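Q: Protein chains in written order, with our numbering: chain A, 1 to 254; chain B, 1 to 254; chain C, 1 to 254; chain D, 1 to 254; chain E, 1 to 254; chain F, 1 to 254; chain G, 1 to 254; chain H, 1 to 254.
If you're looking for bench data, these hints aren't it; they were derived computationally from the structure. Values in this document were obtained by computation on a predicted structure and should not be read as measured data. Every residue gets a Cβ at the ideal spot worked out from N, C-alpha and C, and that includes glycine. Mixed in with the good hints there might be a few duds.
[As the list claims (entries may be wrong)] The list that follows gives simulated cross-link-like pairs (lysine to any residue, SDA-like), each with its CA atoms no further than 25 angstroms apart:
#, chain 1, residue 1, chain 2, residue 2
1, H, Lys-7, C, Gln-12
2, B, Lys-114, B, Ala-92
3, G, Lys-118, G, Gly-58
4, C, Lys-118, C, Glu-85
5, B, Lys-14, F, Glu-99
6, B, Lys-14, F, Lys-14
7, B, Lys-70, G, Gln-76
8, B, Lys-14, F, Glu-15
9, D, Lys-7, C, Arg-168
10, B, Lys-17, F, Lys-17
[As the list claims (entries may be wrong)] Some chain B residues close to chain A (C-beta under 7 angstroms, calculated; not the full set):
#, residue
11, Lys-75
12, Asp-194
13, Val-230
14, Leu-244
15, Ile-245
16, Ala-250
There are 8 protein chains.
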Amino acid sequence: MEPTDIKQALEQFKEGKLGMESILELLDPPPEVSLGYAHVDLHRQQRCGYPEVIFSQGKTPEWVEGVVEKLLEAKQDCLATRVSEEQAQSLARRFPQGEQDRVARTFWLPAERKRDVKGSVVILTAGTSDLPVAREALVTANALGAHTDLLADVGVAGIHRLLRHRQRFVDADAIVVVAGMDGALPSVVGGLVDCPVIAVPTSVGYGAAFGGVAPLLTMLNACSANVVVVNIDSGFKGGYVAALIARRAAGKPA
Amino acid sequence: MEPTDIKQALEQFKEGKLGMESILELLDPPPEVSLGYAHVDLHRQQRCGYPEVIFSQGKTPEWVEGVVEKLLEAKQDCLATRVSEEQAQSLARRFPQGEQDRVARTFWLPAERKRDVKGSVVILTAGTSDLPVAREALVTANALGAHTDLLADVGVAGIHRLLRHRQRFVDADAIVVVAGMDGALPSVVGGLVDCPVIAVPTSVGYGAAFGGVAPLLTMLNACSANVVVVNIDSGFKGGYVAALIARRAAGKPA
Amino acid sequence: MEPTDIKQALEQFKEGKLGMESILELLDPPPEVSLGYAHVDLHRQQRCGYPEVIFSQGKTPEWVEGVVEKLLEAKQDCLATRVSEEQAQSLARRFPQGEQDRVARTFWLPAERKRDVKGSVVILTAGTSDLPVAREALVTANALGAHTDLLADVGVAGIHRLLRHRQRFVDADAIVVVAGMDGALPSVVGGLVDCPVIAVPTSVGYGAAFGGVAPLLTMLNACSANVVVVNIDSGFKGGYVAALIARRAAGKPA
Amino acid sequence: MEPTDIKQALEQFKEGKLGMESILELLDPPPEVSLGYAHVDLHRQQRCGYPEVIFSQGKTPEWVEGVVEKLLEAKQDCLATRVSEEQAQSLARRFPQGEQDRVARTFWLPAERKRDVKGSVVILTAGTSDLPVAREALVTANALGAHTDLLADVGVAGIHRLLRHRQRFVDADAIVVVAGMDGALPSVVGGLVDCPVIAVPTSVGYGAAFGGVAPLLTMLNACSANVVVVNIDSGFKGGYVAALIARRAAGKPA
Amino acid sequence: MEPTDIKQALEQFKEGKLGMESILELLDPPPEVSLGYAHVDLHRQQRCGYPEVIFSQGKTPEWVEGVVEKLLEAKQDCLATRVSEEQAQSLARRFPQGEQDRVARTFWLPAERKRDVKGSVVILTAGTSDLPVAREALVTANALGAHTDLLADVGVAGIHRLLRHRQRFVDADAIVVVAGMDGALPSVVGGLVDCPVIAVPTSVGYGAAFGGVAPLLTMLNACSANVVVVNIDSGFKGGYVAALIARRAAGKPA
Amino acid sequence: MEPTDIKQALEQFKEGKLGMESILELLDPPPEVSLGYAHVDLHRQQRCGYPEVIFSQGKTPEWVEGVVEKLLEAKQDCLATRVSEEQAQSLARRFPQGEQDRVARTFWLPAERKRDVKGSVVILTAGTSDLPVAREALVTANALGAHTDLLADVGVAGIHRLLRHRQRFVDADAIVVVAGMDGALPSVVGGLVDCPVIAVPTSVGYGAAFGGVAPLLTMLNACSANVVVVNIDSGFKGGYVAALIARRAAGKPA
Amino acid sequence: MEPTDIKQALEQFKEGKLGMESILELLDPPPEVSLGYAHVDLHRQQRCGYPEVIFSQGKTPEWVEGVVEKLLEAKQDCLATRVSEEQAQSLARRFPQGEQDRVARTFWLPAERKRDVKGSVVILTAGTSDLPVAREALVTANALGAHTDLLADVGVAGIHRLLRHRQRFVDADAIVVVAGMDGALPSVVGGLVDCPVIAVPTSVGYGAAFGGVAPLLTMLNACSANVVVVNIDSGFKGGYVAALIARRAAGKPA
Amino acid sequence: MEPTDIKQALEQFKEGKLGMESILELLDPPPEVSLGYAHVDLHRQQRCGYPEVIFSQGKTPEWVEGVVEKLLEAKQDCLATRVSEEQAQSLARRFPQGEQDRVARTFWLPAERKRDVKGSVVILTAGTSDLPVAREALVTANALGAHTDLLADVGVAGIHRLLRHRQRFVDADAIVVVAGMDGALPSVVGGLVDCPVIAVPTSVGYGAAFGGVAPLLTMLNACSANVVVVNIDSGFKGGYVAALIARRAAGKPA
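Excised from the complex, chain A in its bound form (with noise of 0.2 angstroms):
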């Protein structure tokens, strides 16, 4: 709330245009829930422009299940990643109308009023392995109402693959790249581009690659201006970021 706003809302608090209610719910922060085991916040979809989304790593499917319940409550759409095979039973058998994807462990559950779909994303893989990463990444994007196109194992080695399908993605409004072992495809595909790289490094390989730290490294040391990066096997952020940014580019989110 802005002082000047402040100032007014008193000055009509003091004139009884406002009641003691109403003027303690404007000075007072945003709504939560506390469920003892989590404080929900329910303003995030207002600050932030989509609401909280659950990370479900660590959590009991009943601690899952609580927080779901409440966003649900509150008509907000639901998103929970990184869904345990036992949690994701645990949803089904509780909200049977969410989406699923095994692959990447995802579970979506849309509020009711329907949501505009603008803004285009592509999601490229340097090789099937990254698979998994990319649909997390793409599972997000839809979830954020964006348009999405997925084009995998394109890497590097056979370069000829990624100019060859160029017109894919040369027009998207941002493109994610999901690569693994030497993650050099970011800097390759940002060279061709005008939109932003969302680079997704994955802990696909071995030996050096050490659990996604190579790709990670190469990438934040991209050669092309326009990659910026995110946390190994993230593909929950590489579709979030580029979600934003395609609706953004597609007018601004109401």
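Based on the hints, put chains B, C, D, E, F, G and H in the right spot on chain A.
A: Relative to chain A, chains B, C, D, E, F, G and H alone:
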């Protein structure tokens, strides 16, 4: 070579104006200028929306000047980063019309035709010592044609400073957050806005800051979903990508 | 024993005021019990204010029980941490009067005489997945005789949640902040209070969280001056030191 | 400000007992001074018990002096750490009444009103080369209003030196242990006392000391439960937290 | 081939008892047995004072047995370390006369002729959980022919335990100190004795112990000059070198 | 598309047999087969001298089989590495004519036409436990058409074993040296021969071997100038490059 | 000592021309020259195809000159790398006939007899700043007798630059690819050729380039199977091995 | 002092056979001298067989001299290591009778009474650049009273150099092997001898040598069982422990 040129060449070939050898030579990659020590990529602006930027570190002043000259001849904008004191002096003598920022260590010499400025980028720093990196971001975002605003020293140890100035960044199209040491600022900022946050870790700090590794890891693990990361001290990439996003949000680049 | 005390004692001994047994006890190192596989330090309580705590990892159930038994015989409080499922079952059979916390993986069996509880420790967690570590801190601080309060899932991505509940922790004598991933919470909390903040990094997260290295580094570089750090996942040390500080603030231990 | 207080204030405001200016001030975030390159947090003393401390590294002498000036104008204590030789000379000219410690690299200029000194902090060093870091701890703990004592070069290779001087530290309210290389001293000291031990790793040593990483890890893994750790070479944080604990033990800060 | 053998061969050659071809063949490296998957070095005992020791990790039970068999045929002592449960059972069936230590994961089958035992090795552990590594050291030192003594759980958090038992290790010819977590014990022990201390870091601990890296670094930086280090968890090397030193101190090996 | 084909097409175009649209379509990247989850690079053999090799890790059995099928259809050699037990069984059922090596974890199914075998590759291992990686090198070098020889367990602790067998490797065209732990063997071998040595570090060992990092660093720092390095445990690359060199030495590939 | 010499000596011995002592002395390792601070390996050329190369770092100018002198006396080629400015001046005075390359930091003085030059090595760099390392490779490959070609600044951000010049490297016998920062170039080049690619990571870059660690890891994980790696900044090894391969491809060395 | 001895002494004291001064001396901790900045441990020689050695790094010349003076007053040998040029000059002026080794950076001033020299230590270096560290080992071993021999530049790339000089080190009581880069020498030497090998990694090398980390890891993983390791560049510890072992082998220290 552009598709229309290829078509034209093919027609000339068919008409016999172009021999087999010549046309084979022409079915060719886009223009570049070879300088022996460098191959200046004059097609970058067309592909990527901005010309090749000169990374000056490890180059002789002559090498830097040689590339500047070729970009100017091609009537392209010229931005050089990581300019040493020796390079700066040499560039100032040779190209007095260029803008130098000693704090940001940049040299900027735009081509004659004016660019329209659009989109809003806000740059925040956690501390005062992060200012040189922040200024590199500022100069770069300006060079790319975005409106910029810089808000310094609003780190999380005095969280009210950040909240008080929320209005200055909450409507930005993209935010660059520059922070060293604990690198906690992007997580907090990310939770307050609906646009992408480009986090730039700096080498400010000592001991277990490990030259910027600590804030780099913090930012890669940011709990806010809209945070992406670039290389340590890379104000350049921070400003570059933020401007790309902002311009796109304000209308596609021509 | 101080030289002057020794001299005095020797004089008393020569004069016959002190028997051989008494003076030997005075000159002797403090008591311990040898079990072959362990030397139980029965003097720890006197020196350090709390008996030796059993670190159960890597021990057979028999070894753990053997030490428990010796502590009980010496009428000292008994706390065991990192208790595996197998050890827990074995301890439950042998010492049914002990309190087990399956989430915290602790076993607690205080000696008979009641301790007065004093000083206030508040434990905060950034996320729900940090709860097991937080509970280890809670059990430990309770065992040491401090009042405790636990506030979960108030991470910085929804900063209003933390600010809203400020009253619950602002008057604490010591605060334990448990956080994984970006580990940003202690920096923010530290800037809101005037007591020491014990930061406990957790291994929650994936990829570049590197099993807790990321939050560990964040916390070591916290921009708030009142933040100290303990080992990754060491809820035990967090609760232990917080209780030491709190009890001391509430009046020196006897 | 608490909801109940807000309500009361609003009622007083409505009744005219509180003017617009007063209520706005009450609802407003705490004071700060903006200097362009810095936002000086003048509310820190009230929230955290001590004013903002100036981290001088990476700042121009003018920036450091600008913040010093604002703190003095606000009649707050002024402590600057990591003061370079150039900054020190500049500060000495401008604020000759400040106390400079060239070994500790600190500048200290307390506000006029006297503070009562209470609580006891003892600082130990493993070797002679650890003295600069230890002195930074000493100056800081003094600045915060604690009694201090410094005992140098009592490392564990000659364990009798430590045991002989036990009386000097066994009754402290908090102990700062400064050690490089193997960093083994805090573990031993921790086992001899009942107060918190703040371990400060130093970059003293070479080779596999890795600039302080070796003692940092040692201390994080200290087998004594009362040991907490701060950043490498951070005598400042060591002294700061020790003084917080000591003052609290000797009676709550006003 | 031994120098005396060469001389003899040369004499035989001169006398014509040995042809040119034969003597060229004989001027040859020392004996080995080739098994396809292994080249058993039967000359090791002569060169190094003890036969080749079998590192069992990553080998099939058949491979381990094959090497054991060849050593026995050559009438050499046979020691195998890192013996898995599967390998242990297989060895027990095939060589029931061998001594197996399940805790140490060793298999030992000395050749028939008795060795005289001499020199004194003492093995200390910081904690109870370090016992498996300590036992590997014990078995190895015994196998090499040294007198051994094992003193467990005398870590530095209760320094009096170590000092009380000083007499048990102060006259040793070599001391093996086995410790995980902070790895501080070798520094203290080194300062109490005049013989070499072989420090063995263990992977006991969690979090920032990093699987033994923390104690490894501590030990490499030990402030006592008589401390040397071997690989993490390598009780084998600790015991081996200690026995070499002890036997040498008690009179050169034959 | 091959240069000769381009030429032919151009001629057809000139003659009017090919329309503008058709020839533009033909001036095209080389052939590939798209499978949704993979883009099989059928041009690899022509460009690189060997078809695409399947990295099986992280792929479903169906994905692996799909690519095998496309390679066979294109009458290209098919080699798959890192084949899991599940994949191996599935491949065996589907392509019983393929050769499986369970130790090397490879599947090999050459195209019908016979390749001439030429050039000599020798593979050495430091220990018996390095054999699985060495066999992967062997299978790969065979697949590429080189003569191979494998000499196991000739590590430097018994240097005479290596020297005795020098004749077996001194005339090789390329040598693959597979070693874990200290990784010292390539340095010694490199000093004995005049051909390139491909060093393959393995994850054999424990503790400070850090999963192969120790031998990797050793090999990168080899004091012999003819030593190059590949990824940890990458017998595949070791054998691949050695065969490339050997075939080239024995006459250029067609 | 050569086999034929051994045979001759044995014959002389049999004939009594050589005493027992003399022949024992002669059955001896190959020639070397001892200089106190160095043992110059004069047999290296025979064993390895090129004489010992002088690594100048950390040596006094006198030590470097001493070794140069002994190589020249033995009529062997002399190549020194990592020559400091001080060493270079000293060498220039003493051996004015030597060739110095200030950028490559090399000194080269071939023996009199001419060597035939054969085999083709192409050296590529990703950026202009990689040139010093590339020149070290060039000088070394020349010294070993290969034809060389250097193509600078063809990094992957402008992939068409690389593709346009494909003809210059596609027929090489071996390619050296020198790259810092993301180190992505070798992966792409490897996919375009059928010869081995020697990847040389450089310390060009900043921040998360970690002095060359980033491109080193990228290259070790290169998705192209024909890529091998040498130490960071080791243009020397890159050029050395490439020349070995090229010469071998063009006909075995004499 | 043992309990039984204490008892006996007390009885003698009571009977008047032992005066107060005598019994206090017996019960007292060992002597030290306090200098404010240092507690000189004058009892070290008695406990550890050699007086405290001065680690000069990070100390003012005055501090170094102060400790030297106290050792000389106590008639103890004085050895200082890591002596900077400034400290060396200051020591030379004050104690001209001391022996300085500029390469080893040591200062040595033995007490008057002569020590008998016994036991044999041989020091090997892999390269010429390792000489400074090797000389520190030499000076230290001499100071401790061992016979020493130094053999430089016998690295494994020319293995015959090592084998040729085997006789010089095969009968040593302890061998110090100093090596940087690949650090492979200790593994080979260890396999040739029956005495302990103290491996000293050096920071010689560049790139992936990581300031000595590469040889450190190599040595910790040495495949020869008799290899132990000390800190990077610690010629001091190498020489110290080797001398301890050698003297012990040649007869127990008095």
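Q: All the hints need checking, so say for each whether the structure fits it.
A: To see whether the hints hold, each was checked on the structure:
no.	hint	in the structure
1	Lys-7/H with Gln-12/C	15 angstroms, holds
2	Lys-114/B with Ala-92/B	22 angstroms, holds
3	Lys-118/G with Gly-58/G	34 angstroms, violated
4	Lys-118/C with Glu-85/C	32 angstroms, violated
5	Lys-14/B with Glu-99/F	53 angstroms, violated
6	Lys-14/B with Lys-14/F	5 angstroms, holds
7	Lys-70/B with Gln-76/G	46 angstroms, violated
8	Lys-14/B with Glu-15/F	8 angstroms, holds
9	Lys-7/D with Arg-168/C	19 angstroms, holds
10	Lys-17/B with Lys-17/F	19 angstroms, holds
11	Lys-75	19 angstroms, violated
12	Asp-194	4 angstroms, holds
13	Val-230	6 angstroms, holds
14	Leu-244	5 angstroms, holds
15	Ile-245	5 angstroms, holds
16	Ala-250	9 angstroms, violated
Hints 3, 4, 5, 7, 11, 16, counting from the list given before, are not met by this structure.
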